[in-house]
Amino acid sequence: MFEKVRAADEGDAESIIAPAEGQKLLELLNELPVLGPDDKFAGLDLDIPREIEMHFTLAKWHEGGRHHWPSFDFFHRLKAVQKVRFVELCRKYGWNGEYPRDRSHRFASGRWGLPELLPLSQWEPRDEAELRALLDVAAR
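Letter by letter, the sequence shown follows residues 313 to 452 of our numbering.
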């Protein structure tokens with residue numbers, strides 16, 4: 313669409329956006345956040361959902377022979393793209409929660425682990441390696 317808009321600006325009548333394309337562009341633009349003159353540009357304040365964090369904390373604890381309780385700082389150590397990829401991988405292997413969540417979401421106490429999420433040993437090797445690398449980045 314960008315090429316069509318630029319061509320239309322240059323006077324190329326054959327590159328006019330079709331009505332359906334224009335509607336799609338408007339829908340995409342309407343989903344973008346609106347910033348006021350005093351707002352600073354910032355993306356979403358993403359974090360890994362608490363139940364996923366607990367799931368992998370427990371998994372690493374079991375893998376480590378239960379000698380050392382692992383600690384992760386997903387919020388500060390992972391970049392936004394890494395957080396989204398982390399959740400995408402979890403979704404691929406069974407997690408079906410809401411992401412991103414608003415800050416009003418509370419962690420359900422008493423829920424340990426995610427039974428619907430396949431164990432890492434059952435993931436494709438490439439995906440398992442990628443998630444483990446993300447866990448290493450998030451480790452304190």
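Hints should not be assumed to be uniformly reliable.
Each computed BS3-like pair below joins lysine-lysine, with the alpha-carbon atoms no more than 30 Å apart [said to hold, decoys possible]:
no.	residue 1	residue 2
1	404	391
2	372	336
3	391	372
4	404	336
5	336	316
Because the hints were derived from the structure by calculation, they are not lab data.
We went through each hint and held it up to the structure:
no.: 1; hint: 404 to 391; in the structure: 20 Å, holds
no.: 2; hint: 372 to 336; in the structure: 44 Å, violated
no.: 3; hint: 391 to 372; in the structure: 21 Å, holds
no.: 4; hint: 404 to 336; in the structure: 28 Å, holds
no.: 5; hint: 336 to 316; in the structure: 14 Å, holds
Going down the numbered hints, you'll see the structure goes against just number 2.
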